[in-house]
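Chain A is fixed; fit chain B onto it per the hints.
Chains as they are written, first to last, in my numbering: chain A, 1 to 157; chain B, 1001 to 1174.
Hints are supplied without guarantee of correctness; some may be wrong.
Each computed EDC-like pair below joins lysine to aspartate or glutamate, with the alpha-carbon atoms no more than 20 Å apart [said to hold, decoys possible]:
hint	chain 1	residue 1	chain 2	residue 2
1	A	Lys83	B	Glu1140
2	B	Lys1009	B	Glu1084
3	B	Lys1155	A	Glu119
4	B	Lys1155	A	Asp118
5	A	Lys77	B	Glu1140
Facing chain B, from chain A, some residues (calculated, C-beta under 8 Å) [what the hints assert, rightly or not]:
hint	residue
6	Phe60
7	Ser61
8	Gln64
9	Lys77
10	Ala79
11	Pro80
Worth flagging that the hints you see were computed from the coordinates, not collected in a lab. Ideal Cβ positions, reconstructed from N, Cα and C, are used throughout, including at glycine.
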Amino acid sequence: MGLENKLPFMTTTLDTAINWGRKYAMWPMPFGTACCAIEFMGVVGPEFDVSRFGAEVVRFSPRQADLMLVMGTITQKMAPVLKQVYDQMPEPKWVISMGACASSGGFYNNYSVVQGVDELIPVDIYVAGCPPRPENVIDAIYQLQEKISHETSSDYA
Amino acid sequence: MDQSSIASKVAEQFKSKLVSSGECAGQSFITINPIDLVEILSWLKSDTELKFDRLMDIGGVDLIDHPSEPAHRFEVVYQLLSYELGHRFRVKVAVKNESVGVPSLWTMWGIANWMEREVFDLFGINFDGHPNMRRILCHEDFVGHALRKDYPIDKRQMLSRPVASVMTEKQEWA
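Here chain A stands alone, though its shape is the one from the complex:
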């Protein structure tokens, strides 16, 4: 109506405002167990610079993070650790499964490897690749932002 140009305030819904804040300030908890974690160093480094998308504050304490990045092979022995770290993260929280090993076990189809971390924790975005390019990871964060923008506060009620 053109009213916004004249008055010193704007109107929106509470969900939109909260989601806007959440999606541009994700704090990742890097659960890096293999070579995908090396690729993640490129993602946060100056060349690809994930801080352009607001997800650069890497927290090594799960209690300060809301985005878990599972990067690498998860063995059966590591599985309870992953579950415990995930449980320590406060709500709301999201999970990106990065690479073939985390998403499906990759080529480790054997006695010792979990065949996809979705056996243990809920996963929001899967990233293909072995390891994925940094652009793929940024695309995953971008898609997760899109997903967050459609959430409502009743999802966490």
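Frame of chain A, contents of chain B only:
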């Protein structure tokens, strides 16, 4: 010393104790019984012409359903290297079944401690005289031995206990 000279020197010394001998991938090997292991390997280590001072690796082999139908089910393979003289040698121990114990070499080579635990973990071969014969790679609740040929290839075993209880137990072991 080249491979054939090592083989003939060893054969000369322990003629009656060799189960078999041969060559594979350009490297000589002998097969022996568990009871002679300590004697032969300590000789290989101390002999002035051989000086096998390094134990590079210990491996296990499961020969169940093997086309050659050997009299023993398992083999434990010791890879030796002389750091000073630059030659290698391979010693295989024929293990009839899992009830036969292989003498531990951890007093001769300290690294044998963890290598023998790995062979025990994945093949279930016991080492007599080992100070700490328990699993090293698979988790604590794992049942069976994963690299045996009769272990189901698609069988997976979850570690379901909470992490805290496992950690407490580990501290008790330490």
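Each hint, compared with the structure:
Between the alpha carbons of A:Lys83 and B:Glu1140 the distance comes to roughly 17 Å, so the proposed pair stays at or under 20 Å and holds. Distance hint between B:Lys1009 and B:Glu1084 is fulfilled; the C-alpha atoms sit about 18 Å from each other, no more than 20 Å. In summary, the hint linking B:Lys1155 to A:Glu119 is supported, as the alpha carbons are separated by about 15 Å, within the 20 Å threshold. Between the alpha carbons of B:Lys1155 and A:Asp118 the distance comes to roughly 18 Å, so the proposed pair stays at or under 20 Å and holds.
Under the criterion of a C-alpha separation no larger than 20 Å, the hint pairing A:Lys77 with B:Glu1140 is consistent with the structure, at around 9 Å. The beta carbon of A:Phe60 comes no nearer than 17 Å to any beta carbon in chain B, farther than 8 Å, and the hint placing it at the interface is violated. The interface hint given for A:Ser61 is violated, since its Cβ lies 16 Å from the closest Cβ of chain B, which is over the 8 Å cut-off. Here the hint on A:Gln64 is broken, as its CB sits about 20 Å from the closest CB of chain B, past 8 Å.
Taken as an interface hint, A:Lys77 checks out: its beta carbon lies about 4 Å from the nearest beta carbon of chain B, inside 8 Å. Here the hint on A:Ala79 is kept, as its CB sits about 6 Å from the closest CB of chain B, short of 8 Å. The criterion of a C-beta within 8 Å of any C-beta in chain B is met by A:Pro80, whose closest approach is roughly 5 Å, and the hint holds.
Against the hints set out earlier in the document, violations occur for numbers 6, 7 and 8.
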